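Novice: Protein sequence lines, in the order shown, are assigned to chains A and B. With full-length UniProt numbering as the guide, the letters of the first sequence map in order to residues 1 to 222. With full-length UniProt numbering as the guide, the letters of the second sequence map in order to residues 1 to 672.
Rather than coming from a laboratory, the hints here were simulated on the basis of the structure. Careful: at least some of the hints might be erroneous.
[As the list claims (entries may be wrong)] Facing chain A, a subset of chain B residues (Cβ under 8 angstroms, in silico): (1) D164; (2) E165; (3) G167; (4) A168; (5) L169; (6) Y170; (7) R171; (8) N174; (9) Y180; (10) L181.
Given the structure is predicted, the values throughout are model-derived calculations rather than measurements. Note that beta-carbon positions come from the ideal geometry of N, C-alpha and C, so glycine has one too.
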Amino acid sequence: MADRYIEPDTPELRERWGGFSWKPAWAERARFEIAKYPEGRQRSAVMALLDFAQRQVGEETSTQGWLPIPVIEFVARELDMPVIRVLEVATFYTMYNLVPVGRFHVQVCGTTPCMLRGSDDILAACKARGMKKGHTTDDGMWTLTEVECMGNCATAPMVQINDDNYEDLTTERFDHVLDELAAGRQPKTGTQEPGRHTSEPLGGPTTLEAMVHENHDYRSEW
Amino acid sequence: MPKVTVDGVELEVPAGATVLQACELAGKEIPRFCYHERLSIAGNCRMCLVEVKPGPPKPQASCALPATEGQEIRTDSEMVKTAREGVMEFLLINHPLDCPICDQGGECDLQDQAMAYGRGASRYDENKRAVTEKYMGPLIKTIMTRCIHCTRCVRFSEEIAGVDEIGALYRGENMQITTYLEHAAKHEMSANVIDLCPVGALTSRPYSFEARPWELKKTLSIDVSDAVGANIRLDSRGREVMRVLPRVNDDVNEEWISDKARYQVDGLTRRRLDKVWIRRDGKLQAASWQDAFDAIASVNAGAGVAAVAGDMLDCETMFAAKSLLGALGSTMLEGRQTGMDYDVSNLAAVNFNTTLGGIEHADAVLVVGSNVRWEAPLVNVRLRKAVKRGAKVFIVGPEWDTTFGGEFLGSDLSVLGSLPSHVGEAMSKAARPAIIVGGAGLGSGGLEASLALAKGWNLVRDLEDGERWNGFNVLHMAASRMGGLMLGFAQKGGIADIVAARPKLIFALGADEVDFAKFADSTIVYVGHHGDKGAHAADIVLPAAAFSEKPGTYVNTEGRVQFADKAVFAPGEAREDWKIMRALADALDVTVGFDSFEELRAEMIAQVPALGIEGLADYGHDLPAGGGAASGEIAYPIGDFYMTNPIARASATMQRCSAELVHGEDMAEAAE
Chain A
1 MADRYIEPDT
11 PELRERWGGF
21 SWKPAWAERA
31 RFEIAKYPEG
41 RQRSAVMALL
51 DFAQRQVGEE
61 TSTQGWLPIP
71 VIEFVARELD
81 MPVIRVLEVA
91 TFYTMYNLVP
101 VGRFHVQVCG
111 TTPCMLRGSD
121 DILAACKARG
131 MKKGHTTDDG
141 MWTLTEVECM
151 GNCATAPMVQ
161 INDDNYEDLT
171 TERFDHVLDE
181 LAAGRQPKTG
191 TQEPGRHTSE
201 PLGGPTTLEA
211 MVHENHDYRS
221 EW
Chain B
1 MPKVTVDGVE
11 LEVPAGATVL
21 QACELAGKEI
31 PRFCYHERLS
41 IAGNCRMCLV
51 EVKPGPPKPQ
61 ASCALPATEG
71 QEIRTDSEMV
81 KTAREGVMEF
91 LLINHPLDCP
101 ICDQGGECDL
111 QDQAMAYGRG
121 ASRYDENKRA
131 VTEKYMGPLI
141 KTIMTRCIHC
151 TRCVRFSEEI
161 AGVDEIGALY
171 RGENMQITTY
181 LEHAAKHEMS
191 ANVIDLCPVG
201 ALTSRPYSFE
211 ARPWELKKTL
221 SIDVSDAVGA
231 NIRLDSRGRE
241 VMRVLPRVND
251 DVNEEWISDK
261 ARYQVDGLTR
271 RRLDKVWIRR
281 DGKLQAASWQ
291 DAFDAIASVN
301 AGAGVAAVAG
311 DMLDCETMFA
321 AKSLLGALGS
331 TMLEGRQTGM
341 DYDVSNLAAV
351 NFNTTLGGIE
361 HADAVLVVGS
371 NVRWEAPLVN
381 VRLRKAVKRG
391 AKVFIVGPEW
401 DTTFGGEFLG
411 SDLSVLGSLP
421 SHVGEAMSKA
431 ARPAIIVGGA
441 GLGSGGLEAS
451 LALAKGWNLV
461 RDLEDGERWN
471 GFNVLHMAAS
481 RMGGLMLGFA
491 QKGGIADIVA
501 ARPKLIFALG
511 ADEVDFAKFA
521 DSTIVYVGHH
531 GDKGAHAADI
541 VLPAAAFSEK
551 PGTYVNTEGR
561 VQFADKAVFA
571 PGEAREDWKI
581 MRALADALDV
591 TVGFDSFEEL
601 RAEMIAQVPA
611 LGIEGLADYG
621 HDLPAGGGAA
631 SGEIAYPIGD
641 FYMTNPIARA
651 SATMQRCSAE
661 LVHGEDMAEA
671 AE
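Could you build the full structure based on these sequences and the hints that come with them?
Specialist: Written out as structure tokens, the structure is:
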């Protein structure tokens, strides 16, 4: 995160993205978001619009998408707000990519719970596939970022790839997920632990056991 | 009016006051970085922590906490002391220890407060953050590693200047203050962020590494770059004015000044007239004062002598010239160099009657022929405040980039005769309507047509609170204008009357905008300080003092009489203007009735008593009826904000601003 930077504003960038405008589907969603806010408060839709812009760029480049400067200026024009204010938002939130990313943006959580449960192995697996933190592989498939806590500590370690989380990873399970993605198939999202549904305790509940099948009044037992 | 107790002393504070303001009322100093009286409250530096009961058992940021009834505030407890030390230690974690090479050194809030409220030493031995320099234009030098993220500059450009160009990118420790893609800050007030910056992150580029604050002599003065009369402080060392800083005057400039006022002073050392010049064989050649006086006496003009006052003159100079001409039997005095001939029999009709502070409270404003942003940036700031309070602004004239919106009605003066119905409705329904007539709106019947509108809309009225409201304003551009008009520097037909009278001798007192070709038969004596257009046309050049080199009285566009002091001596053989006039009296063998500056001033005050009283001169509230139709395309007189007077034209800084900000040239940064 510390090395976030804005892709330089070059003539080539202007030429590629200067003519950016909504595809009909995104235009419809942008209108929907803007309409949520009262007259004069349209600027509140800036985060949604930046997201849509990033996704449309993603569709056009067949990647997760990112926000070139001309696209940020387009969003500013759409909302009639100073472009510096839009840029402030885009640089503040790390889910907006400021530089081009690959087909799959692999965000590995490296915060304490994940680290204790083996995120170092996940990062090593990434490295074995040629990924480097903050970089995109030469084939344009993978971009690796180490991120801070994504709130899946109960099913650590986890990675987020584009819009999906993959949890309870081991090196093998992670490799499988990446292989499936590389082959163009959608692997199971969420936890990779067999038998686990979401983030419930493995081997059945450990608290409030009496409430599994029926309502139970614990108050007399306090 | 809540009652609070500050350090055991009970006091009543105004409703809506913050705890910080309450502490200040109690005479307690609260350290702060992000809080600024004229900006919105950010509450992000945490330096103003105090202990407040009732409330959570922890120190609270006093700048963002409203004072409420019965609060017990402590600013001297152990908790407050340790809290301040802690905040200061965190602020200094990433702040470089480069005070010895920092231009802010000696006048730095962080330096002072670290001394007063910080720990003696740092416990931090990790690497410090480093941030790349950001380009913010020719006036603002950035050393962003020093930035403590107070966001005063961001709030200034958004709220006061109205140009969203500075922002804070990224987040947390990585936050960086920058202009959009490092473009130059492009507005007329940009350099005020230098004063606002509590550390040395934003410093003055032209003044960088020039002087230390404690070496400078401070002189109170008045800005002459426009007619607002901003209160300034001239910081000089030896014979040079090193920089200009604003003084606080809520009635005039609050605490801002325009970039031109701040940075034109480097022109005071360039292209100066420091010798007497006489034109011989078509060329100006150096001469002595005596030669010049002899040459002037030999013209034998008698009463055929005229004086044209320039835009930056003080009243004393104009009065001295008036006395000299009076002694010679002439009243051919004029200050409106470019030929304007509006009626000045009633000064209330050519004055900024709402006052600069009052225009903020207007709720409907019609601007006639004024690019306010360039003619008076400080008035533009006030207009922006008025709009933020809900005022509607309509503008007659070619479109310019206002910072407050506003509706352009058309670029021809004839619009005044056929205003759209919603304009008339807004103006007549407003409680405090105002008209601002600018330089381009005064001619072609514009002043009379505006006066007629003023009468129709009843601009002079008694407000509900019993105060008198006179909403008719004329926005001048010359610092000498109102003073000149008070002293009678106006002919009925303007300068054309003087042309028609064909004077044998004409004194151009710092007058550079006159069309001297019309005075081909006259002997032109230029009395001024810069080798500019006036000196080029002159037959005799007498070197005089610039505004920084003489004491003087100035009257701003709202009729406010203000006094300026002398900061440095004029260079070479140049003399103060009034002395030149006095010596000319001897050379022409007449008496002017004063031998010293004090006598001159006393004589001037005897004739125009208002010039002796600091503050607003009273021109009355009766406006002439006006009438008639105005027509003609409006052309704003200022083509380049940074090049409006001889000092600015001589200034390297203003030249660069003009080239880069107005004409859009790319400036290659010098490799350092």
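Novice: Hold the hint about B:Y170 up to the distance rule: shortest CB distance to chain A must be less than 8 angstroms.
Specialist: holds (5 angstroms)
Novice: Restraint: B:R171 near chain A, CB-CB cut 8 angstroms. Satisfied or not?
Specialist: holds (5 angstroms)
Novice: With chain A as the partner, please determine if B:L169 meets the hint condition of a C-beta pair closer than 8 angstroms.
Specialist: Holds. Min distance 4 angstroms.
Novice: Would you check whether B:Y180 satisfies its interface hint, that is, whether its CB is within less than 8 angstroms of any CB in chain A?
Specialist: holds (4 angstroms)
Novice: Mind checking the CB of B:N174 against every CB in chain A and telling me if the closest is under 8 angstroms?
Specialist: The hint holds - B:N174 has a Cβ within 8 angstroms of chain A, the shortest such distance being about 6 angstroms.
Novice: Can the hint on B:E165 be confirmed by a CB-to-CB distance to chain A that is less than 8 angstroms?
Specialist: holds (6 angstroms)
Novice: Regarding the hint that B:A168 lies at the interface with chain A, is the smallest CB-CB distance below 8 angstroms?
Specialist: holds (6 angstroms)
Novice: Is the hint on B:L181 kept, meaning its closest Cβ partner in chain A is under 8 angstroms away?
Specialist: holds (6 angstroms)
Novice: Tell me if B:G167 is really an interface residue toward chain A, meaning its C-beta lies closer than 8 angstroms to one of theirs.
Specialist: holds (4 angstroms)
Novice: Have a go at the B:D164 hint: is there a Cβ in chain A nearer than 8 angstroms to its own Cβ?
Specialist: This hint holds: B:D164 lies near chain A, its Cβ roughly 3 angstroms from the closest one there, short of 8 angstroms.
Of the numbered hints given earlier, the model fails none.
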